[in-house]
Each structure stands twice: as structure tokens, then as C-alpha cells.
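Undergrad: Now for the letters of each chain:
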Amino acid sequence: MTHPSHPVPERRRLLQAAAALGAGALLPGLAAAQGGAKKFAGVTLNVSTFSAAYPKLLQQWLPEFEAATGAKVNFDAPSFPVYNQRADLELSTRGSAYDVVNVTFIYSSRWINSGWLTPLDDFIRNPNLTPADWDINDFLPGARAPETGRDGKLYGVPWTAEALLTASSRFDLVEKAGLAFPDTTDDLVKVLRAVNKKERVAGFVADNHYGWTFVPYLHAFGGDVFRKAPDDLFPTLDTPEAIAAGEYYANLLKEFGPDGAITYQPDQVTQALKLGRVNFTDAGQLHLAQLGDPATSKTIKTVKFGLVPKGPAGRFPGTAVHGLGIPAGSKNKEAAWAFIQWALSKQTTGRAVAAGYGSPARRSDIESAVFRDKQVINGSDLAKLSLESIELAAKTGHMKYRTVAVYPQVDQQLNKAIELIASGQLSAKQAFQQAQANTIAELKRAGARL
Amino acid sequence: MAHALSADGWQAERRRAFLLGLSPSLAVLLLITLVPAAALVIASFTPLSLTDPAATFRFDDPLVNYRQLLHDDRFLHSIAVQLKLSASSVLLQLGVGLGLALLLNGKSRLLDGARTAFLIPMVLPPIVVALIWKIMYTPDVSPIHRALEAAGWPLRSLIADPDTALWAISLADTWQWFPFTMLMVLASLQMIPDEPIEAATLEGANRWQLLRHIVFPYIRPVLVVCGLFRLIDSFKAFPLIYVLTNGGPGSVTEVTNYYGFIQAFNFSYWGYASAIATVLLAGVFALSWAVGKLGWSDHDKR
Chain A
1 MTHPSHPVPE
11 RRRLLQAAAA
21 LGAGALLPGL
31 AAAQGGAKKF
41 AGVTLNVSTF
51 SAAYPKLLQQ
61 WLPEFEAATG
71 AKVNFDAPSF
81 PVYNQRADLE
91 LSTRGSAYDV
101 VNVTFIYSSR
111 WINSGWLTPL
121 DDFIRNPNLT
131 PADWDINDFL
141 PGARAPETGR
151 DGKLYGVPWT
161 AEALLTASSR
171 FDLVEKAGLA
181 FPDTTDDLVK
191 VLRAVNKKER
201 VAGFVADNHY
211 GWTFVPYLHA
221 FGGDVFRKAP
231 DDLFPTLDTP
241 EAIAAGEYYA
251 NLLKEFGPDG
261 AITYQPDQVT
271 QALKLGRVNF
281 TDAGQLHLAQ
291 LGDPATSKTI
301 KTVKFGLVPK
311 GPAGRFPGTA
321 VHGLGIPAGS
331 KNKEAAWAFI
341 QWALSKQTTG
351 RAVAAGYGSP
361 ARRSDIESAV
371 FRDKQVINGS
381 DLAKLSLESI
391 ELAAKTGHMK
401 YRTVAVYPQV
411 DQQLNKAIEL
421 IASGQLSAKQ
431 AFQQAQANTI
441 AELKRAGARL
Chain B
1 MAHALSADGW
11 QAERRRAFLL
21 GLSPSLAVLL
31 LITLVPAAAL
41 VIASFTPLSL
51 TDPAATFRFD
61 DPLVNYRQLL
71 HDDRFLHSIA
81 VQLKLSASSV
91 LLQLGVGLGL
101 ALLLNGKSRL
111 LDGARTAFLI
121 PMVLPPIVVA
131 LIWKIMYTPD
141 VSPIHRALEA
151 AGWPLRSLIA
161 DPDTALWAIS
171 LADTWQWFPF
181 TMLMVLASLQ
191 MIPDEPIEAA
201 TLEGANRWQL
211 LRHIVFPYIR
221 PVLVVCGLFR
231 LIDSFKAFPL
241 IYVLTNGGPG
251 SVTEVTNYYG
261 FIQAFNFSYW
271 GYASAIATVL
281 LAGVFALSWA
291 VGKLGWSDHD
301 KR
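Residue numbers (our numbering), protein chains in the order written: chain A, 1 to 450; chain B, 1 to 302.
The shape of chain A in the complex, shown without the other chains:
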């Protein structure tokens, strides 16, 4: 106690008051409802998501929520697989360990339709709990769709909506060849033939998680993973369309890929495009946004983005959506809703976008000037492309394949099939027939009715 102790608490109190005031402004509904008293004093909320940019921002701003509501929040954000395993186990036992969870895209159908989450419609409709300007309809319909159950109720509020897009890091080479940005799968091959190995730039590479990067092509060729997910999970990997798509995609890697193309992981792909070693890829928008970083990207002046190519059956961009939901077993549902409402209020999401957050799910954020400025890279508007992709996905429903519980097993089979073809171990037909047989075995083992 060598320093003067008196002024410190006073300043702290002042800061607390200021924070409470600031947070109160962010929580109009709560401020009105509480009438000055802290509504959730004494409540401890356990929140868990996987570690990502948005949860990290929320963790920083937590004290404001706590000051405004009086609730104490434990916010745990482990890595993606760890989070999913924990949450899956906890939800399946209807435990009350968590009050707010991330509704993970690949588990959404399972978690929602098993009744493990709380429907949010009543909270949203109740003017005492949710202010009118909170506006659930501001969240993209395409992002709300995977958070909606078969009963039509909403079980999660999306905080991220990301799309798989096509990028060309050296579009100048394409222009020099007199060609345009490839719109179809045929165009893509034509363009790659023209630019492959020009100025020592390889034509195409993709993250070797082919269960994600290849599927838009599978759909484009008229194939699919299942007969009709999530109701009919009979795999359809040995159809002529699927085999043709596999042949096409593996050939992109074989003919136009850099040496060792099938070993590329997402960060390597981003790096290769940033350095201009590889021209084309299909990758998630968050990875592609890094190509606009003037400090590390050598291709910022030549890069161009577009939708994933259209095939004989149409265009089917991959999308991924994550939302915040309330477990059915939570004992603090009202406080949990107050948290979600705060975490995804226009003020909070707007603040996140201003802080550089790259994949918001609110239309008002996506259309805001602040966001647009950051998303336009060398004339290509990533935000617009992503919005278009998410709307397409909402219309066709082709992403449903990804939300079934057994997808991880099928995902592996797709990774392997493309690797086997691209490394010359099997023909496309053999590889996809093998994937089909293995998938059926895996599904039966998982207890799926085929």
C-alpha cells in the first residue's frame, strides 16, 4: 500500500459507471426492462463457442454486458474440434453446463432436430425481452435457414455466414491471354490451359479438405453426396455425374496444380496465392480476404474474385453458417437470451465490423459502407459475391448435405477419393465406387437407416 489508495476506487467506480452507461445504451431492451436495477444480478452464464474472430471480440466486450445486466459470464472458446465434441456430448445428455452454445454448421441438423436446443421465436417476439429494432429479419435468410428446425422455428442466431468463392491471384495473365473470369467449369479449364505455368505461376490449387472444396463441383456436374439430405441419406458417390466431377476436379490438381498440390492446406493455399505462385483456387471468403492485405500480399494489384463456376447442372457455392443458441437443459434461458441479444445486436455486430470482422450475417452490416470498403479488393467485391452465394444456397438448399451427423465420415471418403485420383492410384470410377462402398459401410455402422 505504498501508492495512494483513495483515488483508485473512485476512478474505478467512475469507469464502471461509464461502462454500464455505455452498455446500457447498447441494450435498450434490457435498460427499459430493468428500470435501473440490474435484472440478472447473481446469475452466472456459461457461454461456449469455438475460437474464432467474433467470439474473441465478444470476450473483449464482455465486461460491458456484465456491468449492464449484473450477470457474470464464463466464456469458453476452445478449438473447433474440441468445442464440437464437448458441446455434442453435453447437448446429447441434455445437461445444464452451458447456457449459450455455438450451433455448429455441420451439427446443426442433428442438434436442432433432436430437440437439444431451445426455440428462440418466443424470446424474439416478446417486446419485454427484445427491442423492436433488434430485427431478426436483418439476418440473411440464407444464414437463418440452417438454424431453423423442421418445425420452422429458429434455434440459433447466426454470427457468421461464409461462402466458398473462386479467386485468381494473377488475373493479369488471364487478361493477357484475352480471356475473361471463368464463369463455367468449361471456361475454367480453358483459362487454366491458357495461363498454366505462365511466368512460373501454376494454374490451380485448393485446400486438400476436398469434402469442402470439391463439393461445389460435384453439385455443378449434377451429382450430390446423398440422395436427399437430411431425409434420405443413401450416398450417391458412384453416379456417373459424381465420377465425372471427381475426374474433372482431380485433373485440375493434376494438370494445373503446383508440385505436391494434394498436400496443400488452407494456409498454404492462401500463401501460394499471396505470393503469386498459384493463380486460381476455390476457398472460403475469410481466407481470400487476406489477399487484400497490402503488407503481405504481392498479388493485391492483380487479384480478382468470382463465384464458384457453373456446371451443367448449375451453380452451387459452398456456404458455412454458425449461430448462437440456448441448450434445452439451460437453467438461465432468459439471461442466455439477453446475452445472445446483446452479442448479436446491431450495435455489437456493427462494432465488430468496424473492428475488421470479415463475415457478418446481418444484411445491414454487409451493406454498410464500413464493411464494403474493407471487402472491395482490387475492384472485386467479396461481400457482394458472398451475399450472392449465401442467397443461392438458401434457394437450392444444396448445403443440407453438410448438416447431417454422419458427414465427417463421408467428408473423409471424398478427401481420399480426390487424392487417390490425383495421385494416380485409382481411376475416378474406381475411387468413387470405393468411396461409395466405404460410405455405405460407415453409415450402416453409424446406425443410419438407408
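No lab work stands behind these hints, which were simulated from the structure alone. Quantities reported herein were computed from a predicted structural model and do not represent experimental measurements. There may be inaccurate statements among the hints.
What the hints assert, rightly or not - DSSO-like mimics (lysine-lysine), calculated; alpha carbons at most 27 Å apart, straight line:
#1 A:Lys254 x A:Lys298
#2 A:Lys153 x A:Lys176
#3 A:Lys190 x A:Lys333
#4 A:Lys198 x B:Lys293
#5 A:Lys198 x A:Lys301
#6 A:Lys56 x A:Lys384
#7 A:Lys197 x A:Lys274
#8 A:Lys153 x A:Lys333
#9 A:Lys38 x A:Lys333
#10 A:Lys298 x B:Lys236
#11 A:Lys197 x B:Lys134
#12 A:Lys254 x B:Lys134
#13 A:Lys176 x A:Lys254
#14 A:Lys274 x B:Lys134
#15 A:Lys331 x A:Lys153
Place chain B on chain A using the hints.
TA: Just chain B now, kept in the frame of chain A:
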């Protein structure tokens, strides 16, 4: 007589007292080492799966996982891959470690420095080693690939080629672990007395004969121990495979350990993964026993 009896009684009492004093720590030790292992074995008798909580602890068909293992081609294939990887990497490590130890066995500051430098790979965290080799094996950024290309011998990516991927991993593993053999052999080389070597030299023995008949018998037990240690460790190969090939291309580098990891962490089949781990454990025990018996009994005969 009475005196002797009481002395015996005292001895027995003392032993009992020691045992009593030791028993708490023994119990804790047993608990720490055996309980997790027992949990693994017990889990292997259940269909425990995170996606099916109802099946958590059901013992109605305890051998279901083991029966399934017998028909699981991917598992059987992973054993073959494991044996190839273990045999090649352990032999390479013993060869390189022994060779370098013989070269570096001497007293000079240069050799001292070289010995220290060669130890570096062994003290690096495995994930760092994996990242180093990821760079080495990525033609785009690899100094090796670039040098070879500049010299006019371009080399295709080793980890993307199904014919070379496993050997590439074996090489990286050897790079990390040859220093272990080198260190152990160096220590035992320094224990060899000078007399027999001097005597043999006077008799006109050449360097090869010295190595074959005098040095080698001295260091053989150490080599056996090194081989055993490395063999056991080679079954745990994980970071290199995870970072370099992810078990691919296809499944040419999918070792049993890695397959168990996929079953548990990608598919949530904890019971099945436990069965794989149990089989692996039994296999390592059996192999170590066989190798140990081979090496030591041969030595004891001398």
C-alpha cells in the same frame, strides 16, 4: 536358537513395516498408471460413441469392436504401413546413429562441437520437426528442391507421390531420432577399455576387424536398447504424419496410431478407437518382448 528366531521375527517385522510405509505411494502409482490403461481396455469393450450417447457403457457384445477390426481393411492396411515405417525408420536411425558415433568418437574441440550440433533435432518439439520437413518437402519453398532444380535435377514432391510418401516420413523421423542412437553409442564407445584394442592392433588386426570383433560386441547391448526404444516410440508416430501427409495420398501413410486418431477424433467412435489402441499396445508389448529376448539372451551367452 531363540536368539535366531527373534532376529528372523525382527527382519520380517522390518519388511512388513517397510511395505506398510511404501504401500500408499505404491497404491497411488498403481492408480495413476493402471487406471487410465484399464479405462482404455474397458472402453474397448463398449460401442462408446459420442454421436450415440445411449451406447456409452453397454457391454452386451464386448467383442464387437475386435471382431470388426478383423474385417476392417483400412485397419489391416494400417498395420502393414506401420510395420514398414517402423522397420525402415528404426534401421535407418540405428545405421546413421552408429555411423556418426563412430566418426565422432574422439577428443577434439571440432568433434565436440559436431556432437552438440547433431543433437539439435532430438531436442526440438516434434511439431517443429514436422513443420521443418513440411517446408523441406514443399517444392515451392524448399531449399532442397530449389537447389536440385538449379543443379538441373528437378525433384517432384515426395509427399504427394504414393511411391515415396512413406519413405519421406521415414527419412524425417530418422533425422529427428538418429541423435538418440548416436548419443547412446558414443557413451558406450567411451567405456570400451583401450587394452583389447591395443592388443588386437599389435596382432595386426585392421580397422574393420577391430570394429567387427571388439567394438561391436561392446556396443551391441546399447544398440539393442536403442532399437527397442525407437521401435516402441515409432508406433506413436503422429505429428509428422498429421502435418506432412494427413495419412495420404489415399492411405499410403496411414499408420495404425493415426487411424485410431481418426476413428476417435473425426468420427467419435471412442470404443472402436480404444480397441485399436489396445491392439497396438499388445503389439508393442509383444514386439518389445521378442526384440529384448533376442538381443539380451544372445549377449548373455557370451
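Undergrad: Taking the hints in turn, state whether each one holds.
TA: Consistency of the hints with the structure:
Of the supplied pair hints, the one linking A:Lys254 and A:Lys298 holds, its CA atoms being roughly 25 Å apart against a limit of 27 Å. Restraint check for A:Lys153 and A:Lys176: not satisfied, since their Cα atoms lie roughly 52 Å apart, outside the 27 Å limit. Distance hint between A:Lys190 and A:Lys333 is unfulfilled; the C-alpha atoms sit about 55 Å from each other, more than 27 Å. The suggested pairing of A:Lys198 with B:Lys293 is violated, with an alpha-carbon distance near 61 Å, which exceeds 27 Å.
Distance restraint check for A:Lys198 and A:Lys301: the Cα-Cα separation of roughly 18 Å lies within the 27 Å cut-off, and the hinted pair is therefore satisfied. Between A:Lys56 and A:Lys384 the alpha-carbon distance is near 25 Å, which keeps this suggested pair within the 27 Å criterion. For a cut-off of 27 Å, the pair hint linking A:Lys197 to A:Lys274 stands: about 16 Å separates their Cα positions. Proposed proximity of A:Lys153 and A:Lys333 is supported: the alpha carbons are some 16 Å apart, at most 27 Å.
Between A:Lys38 and A:Lys333 the CA atoms are separated by roughly 16 Å; this keeps the pair inside 27 Å, and the hint holds. A C-alpha spacing of about 40 Å is found between A:Lys298 and B:Lys236, which places the hinted pair above 27 Å, so the restraint is violated. Simply put, A:Lys197 and B:Lys134 have alpha-carbon atoms about 23 Å apart, close enough for the 27 Å limit, and the pair holds. For the suggested pair A:Lys254 and B:Lys134, the alpha carbons sit about 20 Å apart, so the restraint of at most 27 Å is met.
Distance hint between A:Lys176 and A:Lys254 is fulfilled; the C-alpha atoms sit about 24 Å from each other, no more than 27 Å. A distance of roughly 19 Å separates the Cα atoms of A:Lys274 and B:Lys134; the hinted pair therefore holds under the 27 Å criterion. Taking the CA atoms of A:Lys331 and A:Lys153, the gap is about 20 Å. The hint holds against a cut of 27 Å.
Taken one by one, the earlier hints fail for this structure at numbers 2, 3, 4, 10, listed in ascending order.
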